[in-house]
Amino acid sequence: MSKKEAFQQELDTKHDKYERLVKLSRDITIESKRTIFLLHRVTSVPDVEEVLAESEDKLDGVKLKIKLIALELIGEDLYQYHRAFTPGIQEYVEAVSFQHFIKERSLISLEQINKDLIFIEDKKNEEPEGLSSDSQDEKDKPVCFQVTPTDYLLGVADLTGELMRLCISSVGNGDIDTPFELSQFLRQVYDGFSYIGNTGPYEVSKKLYTLKQSLGKVEDACYALKVRGSEIPKHMLADVFSTRAALVESDEGIS
Amino acid sequence: MSKKEAFQQELDTKHDKYERLVKLSRDITIESKRTIFLLHRVTSVPDVEEVLAESEDKLDGVKLKIKLIALELIGEDLYQYHRAFTPGIQEYVEAVSFQHFIKERSLISLEQINKDLIFIEDKKNEEPEGLSSDSQDEKDKPVCFQVTPTDYLLGVADLTGELMRLCISSVGNGDIDTPFELSQFLRQVYDGFSYIGNTGPYEVSKKLYTLKQSLGKVEDACYALKVRGSEIPKHMLADVFSTRAALVESDEGIS
Amino acid sequence: MSVNEMFSGIQGFLSADQDVREDIRKVVQGLEQTAREILTVLQSVHQASGFKDNEPLMRVFVLSLSLSLSLSRFHEHWRFVLQRLAFLAAFVVYLESETLVTREEVTQILGIEVNREKGFHLDIEDYLSGVLTMASELSRLAVNSVTAGDYSRPLRISNFINELDSGFRLLNLKNDPLRKRYDGLKYDVKKIEEVVYDLSIRGLAREPGSGGEE
Amino acid sequence: MSVNEMFSGIQGFLSADQDVREDIRKVVQGLEQTAREILTVLQSVHQASGFKDNEPLMRVFVLSLSLSLSLSRFHEHWRFVLQRLAFLAAFVVYLESETLVTREEVTQILGIEVNREKGFHLDIEDYLSGVLTMASELSRLAVNSVTAGDYSRPLRISNFINELDSGFRLLNLKNDPLRKRYDGLKYDVKKIEEVVYDLSIRGLAREPGSGGEE
Amino acid sequence: MSVNEMFSGIQGFLSADQDVREDIRKVVQGLEQTAREILTVLQSVHQASGFKDNEPLMRVFVLSLSLSLSLSRFHEHWRFVLQRLAFLAAFVVYLESETLVTREEVTQILGIEVNREKGFHLDIEDYLSGVLTMASELSRLAVNSVTAGDYSRPLRISNFINELDSGFRLLNLKNDPLRKRYDGLKYDVKKIEEVVYDLSIRGLAREPGSGGEE
Amino acid sequence: MSVNEMFSGIQGFLSADQDVREDIRKVVQGLEQTAREILTVLQSVHQASGFKDNEPLMRVFVLSLSLSLSLSRFHEHWRFVLQRLAFLAAFVVYLESETLVTREEVTQILGIEVNREKGFHLDIEDYLSGVLTMASELSRLAVNSVTAGDYSRPLRISNFINELDSGFRLLNLKNDPLRKRYDGLKYDVKKIEEVVYDLSIRGLAREPGSGGEE
Amino acid sequence: MSVNEMFSGIQGFLSADQDVREDIRKVVQGLEQTAREILTVLQSVHQASGFKDNEPLMRVFVLSLSLSLSLSRFHEHWRFVLQRLAFLAAFVVYLESETLVTREEVTQILGIEVNREKGFHLDIEDYLSGVLTMASELSRLAVNSVTAGDYSRPLRISNFINELDSGFRLLNLKNDPLRKRYDGLKYDVKKIEEVVYDLSIRGLAREPGSGGEE
Amino acid sequence: MSVNEMFSGIQGFLSADQDVREDIRKVVQGLEQTAREILTVLQSVHQASGFKDNEPLMRVFVLSLSLSLSLSRFHEHWRFVLQRLAFLAAFVVYLESETLVTREEVTQILGIEVNREKGFHLDIEDYLSGVLTMASELSRLAVNSVTAGDYSRPLRISNFINELDSGFRLLNLKNDPLRKRYDGLKYDVKKIEEVVYDLSIRGLAREPGSGGEE
Ligand SMILES: [Mn+2]
Ligand SMILES: [Mn+2]
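Residue numbers (the numbering used here), protein chains in the order written: chain H, 1 to 255; chain U, 1 to 255; chain G, 1 to 214; chain A, 1 to 214; chain F, 1 to 214; chain Z, 1 to 214; chain S, 1 to 214; chain E, 1 to 214.
Honestly, the hints are just simulated from the structure, not real lab data. For each residue, glycine too, the CB sits at the ideal point set by N, CA and C. Just to be clear, a hint being listed does not mean it is correct.
[Said to hold, decoys possible] Just so you have them, the derived chain Z footprint on chain U, three or more residues with Cβ under 8 angstroms:
| id | stretch |
| --- | --- |
| 1 | 187-194 |
| 2 | 209-223 |
[Said to hold, decoys possible] A short list of chain A residues far from chain H (calculated; beta carbon distances all over 12 angstroms):
| id | residue |
| --- | --- |
| 3 | S2 |
| 4 | I10 |
| 5 | Q18 |
| 6 | V20 |
| 7 | R21 |
| 8 | E22 |
| 9 | K26 |
| 10 | Q29 |
| 11 | E37 |
| 12 | V41 |
| 13 | H77 |
| 14 | T107 |
| 15 | I124 |
Whenever a hint applies, use it, and build me the whole structure from the sequences.
Now the structure itself:
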């Protein structure tokens, strides 16, 4: 009987932790998705920096949640709970790499992502409730979370979908440079994924098709820009677009 | 324009007829299913004849609906509308062959089923509305409906499911002869279907597995009867059951 | 901006929906736990000692009162646990009175509404499904009663199940999962009949009420 | 017999449900026919002659009044036709006033309830889906306006679609089919932008209101 | 044995059916090969050189005469190839006269009966399906005509397709596969509208026959 | 034209392949018919009268000799019928001698080669699949033997199946379909054990050999 | 190029992973073979002769010592074989002592660590899964014991299984595969109850311990 | 024991087969790695800089020489990688010479036998599948060439694809996966035609050969 109770306790502990991680993962997913939505506004607002600053704040909030995951996992088998938080982490990778691309026009590395997830435990009362700090020397060690290469890949694969959306929006808003940069960048990512091919987990191979479609849409957009731009010299094109942008701006009051 | 209107009329006529046939098929299905439900009462009521008579009435109603189908199909391509009424006809075959088995303990033939679907047109006002009797000599010819061999097979395949249910109910009600007769009969039907195998349409082959399961259940029931009957001579078994039946009868007032 | 305002409002609606789904998930989890506990108590009926305690029933009652979900469109989310609770209610009522619980009784026991317009309700299909689960539990009970030396209970169960069976025969079941479950009832009938037969040929069957242990 | 009576009652319920489903099927069929006819009239907007007649709208209004279905649990059965009608209402309202129809307006036009407790209603998802279908129709309209020699309409459509797009950006869409449809909006935006560009580089774009046909 | 005999009889019927199906399969294979060859010749219309030769049409005519299948119940087996042939007939007739082939003309070209009692026939659905396939080929032709420097053909195609589209919109299509194919027509219409737009905005569009720009 | 010539050559290859497939299809159809007829005769073993006639086996032998297909790459096309024939051979051999047919015996009975290089052959997987089908038929036979009053056959079948089961347990099965079918053997074993149990508890089981058939 | 380098690094990581998986696959294959052999020996318990030999157990012990995999993230790859081995350990322990093996005992028997930090370990889910497989084997054993004339073992098994069942009922199982397997326990319990019933009604059941083996 | 001995022998056969499969798996893995690397190099063709280096092709040649598998029955295992390599060979040959690679050339490039009796070979279906993959890559290349400012390449690709299309139209494709892939070719043709159209209408299309590359 007492044996059964011990089982029950072990199962409950595991289950409760799992549920907490699922909850955290969901929160991370929602906040990351919101960050991505926010970042898409860079194509339509005048002040990009403001959007970036706001996204920074949001991502800081997400990082705090990831810290809570890291705290839950101290002394635990990461992979036993991996399924609980992998959706959230992938979405975070998507969001953070999207922000990085907008700022730097480059792919954030796994190392960089993981470096940003090393947390120095400075305040004791930040610890989440329900977590017993049984070993004292843990307070000195930094809490850190390690994104797995697979989660990184899956997040980056989804990033390409967002970049495709960014490209189409850019075209819609008369930005003629971003699409070309994006096609260059997406081709590199696509080539990278092609290189990995089916050596990775099945989920990664599965994304290759969507990735190719996204790349195709971006290539088509560049093609369209090139073809329609062929009718008028490029510097004039820029003029047309700035006039156009002003026109849209001034219209906004009317309707 | 007038050409398009002619198309519209042709499509509408076809579609309306199709819808009417679907409606008739549904009615036939519902009434046939009700007949089958009714017939299952033979295992639990004292007067089997009464149930059979009632089922006869119900099936006569179904036949009238089939006559309406036959009237709709006069001068038409049967197979163009076949999909519309095949579910109903299969269910009718199931019902009529179930009734036949209960009465005769044999399989009704396709010829017999079709013979019962030759209708002599005696009253003119029986014609369904919306049907123009354009050719006069049709009144003399008998209206008849031909069940296709495939519909017959599919109906019989479903019959075996009902027979399995009848067998299990019989055992539950202490009838020890019906299960053995049923196992003999179902084995013949199963052998027949095995013989046809995959030469028939796919739907027929698909039913083979269910048919085998039904046969297995009946064989298991016979086995159970034989094994438990082995503990007591068969004539005594009958006594036990008649006592039991009386007991159930007398109980009914109490609860 | 007008369009923007409209969409802000819409976003509010969408978020609220998500919250309701989350709430349902939690309530359902709690109900499942309660159902499990009640069943554990009820299982003792299969032991020689039998079942006496009907206190757990009260707990369902209390718990379900906290349900204020008024949206039938989330039915799929709680269908399974409702069938489970309907089974438990039917089983308890049978054990107490050897009668068939009505749908109204189930809803009263569980503290829920029958009328679907008034919110949380009990579908006919869910009620019938619970009744069929009870029938299968009764066939097990018939077997175990004999082992425990109670030779009259199987006969009473047999009568009850026969009545149930003829009730179901009145239904023109379309619904596939329910029809399949109903086919299982015949096997329960058959199993109980075999028990009664075994008792009969050994002269152990007694008129219910005339002798019996109870 | 008591159990038998109970089951007879249950059979009644089950039959009634089936009848309701049958009724819905017929109403939906009629609505689809009406929707098709309205669309045919509306298509004339793509011709040089343009669209003038808003009489068909009335017919939806009248027809839908005959709907007295109060059961939201059959939503799946009329979801498709509702989205279609929402699109038509949105399209007519845009053509008449160049504004975005609200959900309330759609329900008034169609004569249905917003509040789901009161029966037949219009889900947010169905409303948004109808709006997205209209957006795609507008991108086609922008192209055909140019062919018909109307160079100001594309600019007005462009502004309207941009507003719509920024509205949708506020939504945190979970729902997969809707999200996918929303992605399509970006292509409509892009297509309209290309038309505006083509007009710009040829000096054909005019300030809406300053010149134009209207 | 009686049951055995019954099944033997049915087996005989099924075997006969199988033989007919086998025969149909062979005829259909031949027709498909012919259809493929005709299409190859017709494809030249998309090249700058254009299409001149209508000799292949004769071959369908001859081949189909050899068809003496009188069983409409195997319709499913030759439905696909008939639709293919109807498309080819419609395409040839359009290329020759820029008119829509009638169902009667198709049956004459293919040497088959319209009246279903007389055997092999052309269903209205199959005819319409063939016409829709032609529409999609015409949208491709509009694109390729521009490449070949023919700026008036796209306008003529546009008018033709618009007529076709409004004709189809009047039809109350119930038949699911046909309905789906009709949905594809929208894309063809849109594509052709865009080609006409491209010509208009560049001042290349001319009224067919009349000359002059808009 | 060069590309055209290449494709003409390729079409030649494809046609030759198609012809072979066509031939196989006919042979397989004939074999299936034979297999069905043999099975019909064998089914009589489940009747009280039992199975006596082993003449049909000869017919497989004769028919399969006419097979001269030497292409193992069409294996998929006759895999199914081969498994069926292997089952029949195994079943007949068991009924005659209550022993397990060997793969060599099956190939001799069917008149085919074991060596795959020499053409038509019997794969181990196909042989084992046939054996498993027989096992499932034997579990049915055990049940029906009891019904027919033969209480000793189930015990003999039980011993045979147990031997078979431990034989299969030696195999390291990777092949997915075979593995799945092997899982079914466990149910057959269990079913037969329950038959033997039913006989034992009623004192009906006798040691095979010691008591003989009833 | 920067992106290229990043993907090369990740590819390196993935390749290393693949190698580990390959190694695990081989070890697991060996373990499966061993498990199969042990089971073959254990199957003799279902024969009249019974099971005596516990030597194979040692072989698992030795083999598993060679496991030095310390990566819990490949748990999925050896989960199945571990459950199998846990079942075998539980079965052997039951046969020897009629007690439930503890998780600690299983890990000792298999020579693996409980503590997950130290590498290869036994999850509580895997342990419970093994126990449930044993329960199903015990229901088979109850049947076969009767056949072998041992009427007291089924009663002892019945008590043991009932204890197990009520133990499991206390567990709040969330883990889906385990939950499904637990549902199977109900059938085992029912089967054993029926065996006990059969013995009871024939007066063959005796209290274990009081009467000894027949 | 006789049955046991039989199964031991069978296990021997199965193990040998498994070893072959294991070997194939490793070779295929290596080939896939090579194919991936070649593709990465070839992808540079879509960049403005273009593709120059044909050295990777040699690496396939060398690696595939080590293949001495003579069993066509494992065809399924390497089918996928062969199609991939055939695609790469076809793509390289097109980039170098703008001609269609023949099946013989592919086998020479890959160092494999055409004759299937001599072992490892290249099926027509695998060759054609590779060619179709190339066609789809060429439609992408047409788009990207325009972006890179090369307006003459799309016209050359268009001519090449049209030839390919009419070649495929000669084939009587039964094989389902290939047929499906061939349907994709129509989209590639259409896509390329639209690119050429876009160039034409803007006066950017030049006859290949007459104007040269930009
Ligand atoms: Mn995303
Ligand atoms: Mn039925």
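Going through the hints against the structure:
Check on the stretch 187-194 of chain U: 4 of its residues sit with their Cβ under 8 angstroms from a Cβ of chain Z, so the three-residue criterion for coverage holds. With 5 residues carrying a beta carbon less than 8 angstroms from a beta carbon of chain Z, the stretch 209-223 of chain U meets the three-residue requirement, and the given coverage holds. The Cβ of A/S2 sits about 43 angstroms from the closest Cβ of chain H, beyond the 12 angstroms cut-off, so the non-interface label holds. In this structure A/I10 is separated from chain H by more than 12 angstroms, as the shortest Cβ-Cβ distance comes to about 39 angstroms.
Listed as a non-interface residue, A/Q18 keeps its Cβ farther than 12 angstroms from every Cβ of chain H; the least gap is roughly 40 angstroms. Distance to chain H confirms A/V20 as a non-interface residue, since its nearest Cβ pair spans about 37 angstroms, more than 12 angstroms. Consistency note on A/R21: stated as away from chain H, and its beta-carbon is indeed over 12 angstroms from all of that chain's, at 36 angstroms minimum. With a cut of 12 angstroms on Cβ distances, A/E22 stays outside the contact zone with chain H, its closest approach being about 41 angstroms.
Remark: the non-interface label on A/K26 is consistent with the geometry, its nearest Cβ contact in chain H lying 41 angstroms away (cut-off 12 angstroms). At roughly 37 angstroms, the least C-beta separation between A/Q29 and chain H is larger than 12 angstroms, which holds for a residue marked as non-interface. Every C-beta of chain H lies more than 12 angstroms from that of A/E37, the closest at about 31 angstroms, which supports listing it as non-interface. For A/V41, the non-interface assignment is confirmed: its Cβ lies about 26 angstroms from the closest Cβ of chain H, beyond the 12 angstroms cut-off.
Residue-level check passed: A/H77 sits 32 angstroms from the nearest beta carbon of chain H, beyond 12 angstroms. A/T107, annotated as away from the interface, keeps every beta carbon of chain H farther than 12 angstroms; the closest lies near 24 angstroms. At the 12 angstroms boundary, the C-beta of A/I124 stays outside the reach of chain H, the nearest C-beta of that chain being 18 angstroms off.
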